[in-house]
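As a plain string of letters, each chain reads:
Number of protein chains: 2
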Amino acid sequence: VVAPPAELLAQGIDPLPSWNEGPAKQSIRAFIEGVVQEGSPNFIPVDERIAVFDNDGTLWSEQPVYFQFAFALDRLQDLAKANPALAGQEPYKSALSGDPKALAALGEKGLLQIIGLTHAGLTVAEFNAEVGDWLKTARHPRFDRPYTDLVFQPMLELLATLRASGFKTYIVSGGGVEFMSAFTEAVYGIPPEQVVGSSGKTEFVLDGDTPVLRKLPEVEFIDDGPGKPVGINRFIGRRPVFAAGNSDGDQQMLQWTTMNNGARFGLIVHHTDAVREWAYDRDSKVGRLDKALDEASRRGWLVVDMKNDWKVVYPFEKKQ
Amino acid sequence: VVAPPAELLAQGIDPLPSWNEGPAKQSIRAFIEGVVQEGSPNFIPVDERIAVFDNDGTLWSEQPVYFQFAFALDRLQDLAKANPALAGQEPYKSALSGDPKALAALGEKGLLQIIGLTHAGLTVAEFNAEVGDWLKTARHPRFDRPYTDLVFQPMLELLATLRASGFKTYIVSGGGVEFMSAFTEAVYGIPPEQVVGSSGKTEFVLDGDTPVLRKLPEVEFIDDGPGKPVGINRFIGRRPVFAAGNSDGDQQMLQWTTMNNGARFGLIVHHTDAVREWAYDRDSKVGRLDKALDEASRRGWLVVDMKNDWKVVYPFEKKQ
Ligand SMILES: [Ca+2]
Ligand SMILES: [Ca+2]
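As they're listed, the protein sequences go chains A and B. Numbering of the first sequence is given in our numbering, commencing with residue 4 and proceeding in unit increments. Numbering of the second sequence is given in our numbering, commencing with residue 4 and proceeding in unit increments.
One or more of the hints may lead you astray.
No distinction is drawn between identical chains; accordingly, a pair holds when it is met within one copy or between any pair of copies.
Unchecked claim - Below are the DSSO-like pairs computed for lysine-lysine, each with C-alpha atoms no more than 27 Å apart in a straight line:
{"hint": "1", "residue 1": "K288", "residue 2": "K112"}
{"hint": "2", "residue 1": "K314", "residue 2": "K204"}
{"hint": "3", "residue 1": "K322", "residue 2": "K104"}
{"hint": "4", "residue 1": "K104", "residue 2": "K288"}
By construction, these hints were calculated from the structure, which means they are not laboratory data. Since we're looking at a predicted model, the values are computed, not measured.
Looking at chain A on its own, in the form it has when it is part of the complex (with noise of 0.2 Å):
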């Protein structure tokens, strides 16, 4: 359990010590203290402090492909192993060639049928056991370490901060649920129950004694976009008081958090830091980050400034 911020601040205590001092981490700061504060306009009562995060580029990086993509990719090969008829259908051959033009030529719709082929058929339980073996040994390929390091400290310790202010904090991502699930408990410190994100169709099977959910290659429900808010009102059934993103994938959630009465904060986490991290926004295949961007000062959300604002984007900076 972490004290609430003013609680750190008074023990001389920093509950954001990744976040360099300025106007971005003083305007967190501020809307928390004015959260919890009894008496104060912006105060919130518990039940209300619903906080959401997109996954992919606001918790951790999504570069140089989003990293469930790579862990499709790293499937399709083990397929293409068991069934080499794969390798020349398309876009299975595209995806399997390895040429980053072949790979951002496939569109949607190419995306869609490789995480289809690659996720289904298996249980739920088995293809939760496959994520988990793949973050133990695949490695990113321009930092060479495992996927689930390069996730941002800055926002790590907001989750904590948030939390210990009596936040609930959510993902609401266009990433898999049940991909997401298999680590958000450990990394972020959300349950699988706080997870709500795009799903394929899972069947209800009894074989014999044992009950098992099947993966179906279908989509069931895209959580992206305008399908942010859908979302947010079919799993968590309240509307948040906090949201942060960084694509334009994000800018429905952002706007049903804030455009609302009382105290509302939107956070987005702008790509500026090409050493550390990566510099993208407009012009990217991956998060484009345009609409949204265009529409932040208008609603006061807060565009946070990777290469200013953050004094160490990945946990193993602080540790070197």
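Given chain A, work out where chain B with the ligands should sit, using these hints.
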């Protein structure tokens, strides 16, 4: 905050006072005591103490029609006043006739059409307010009381006892998630984020500077039968250790919960009390209990005999 059952018992306080002494009450108590006792072979860590409850017929009554359907019929009356042509079209004509036989003959398709018509068009916030108003003003035809008076006192005590013992209690019901979320927190102590149910599609619309979620007439998900384990996996992401239901629609949820290693509990509320509530099972149109009843003894599920196991059915009986 309520103390766990062992502590209450030590103080001479029975946490389940509306349950008659006997094997049903004993088996519930023994299960909970094993789950919370560190070192017991039945111990379950707090994070995994997930308990799921069906709603209609398990936590409140469901006769002569599902209460949500009573709400839909009242709304249909209002809509027919504004649009008299509805009264000439099926299935609305049969539904508006008030004839029990005509209502019974509507079938699932008719019911879904009526639910679709009466629940769509509103925003989620408007719908929530409509349900709230209806629950305040509508009266159950047999008891002439608000529908929320017809909750089962012994099940309220069971919910509270489980929560006091570290369980997270969820509703997993065929009922509409937005209909239930209008009252589950006040009536059962179950917040909206712990309500899993059937749902219609919604769409996010930005109306000037007012973001709204509008309810559409299409069905999105039916949380019944094999849909219950699917919904549990999607919304909770963990396998429950305790499940309570009352009909064949709960059979797969009971299987998914209990056919697993470790201490598990399956409970079926058997409606055996025509005097205080209703008596029905294998031949009922509402809440048919047939296959799950046959399976109960084989799987070790507790079949609660409402007439003999419950000292009190409804909370208002205590006050008389
Ligand atoms: Ca993102
Ligand atoms: Ca039921």
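Now for the hints, and whether the structure bears them out:
no.	hint	result
1	K288 - K112	within (14 Å within a copy, 44 Å between copies)
2	K314 - K204	neither (42 Å within a copy, 43 Å between copies)
3	K322 - K104	neither (36 Å within a copy, 73 Å between copies)
4	K104 - K288	within (11 Å within a copy, 59 Å between copies)
Comparing the model with each numbered hint stated earlier shows that hints 2, 3 do not hold.
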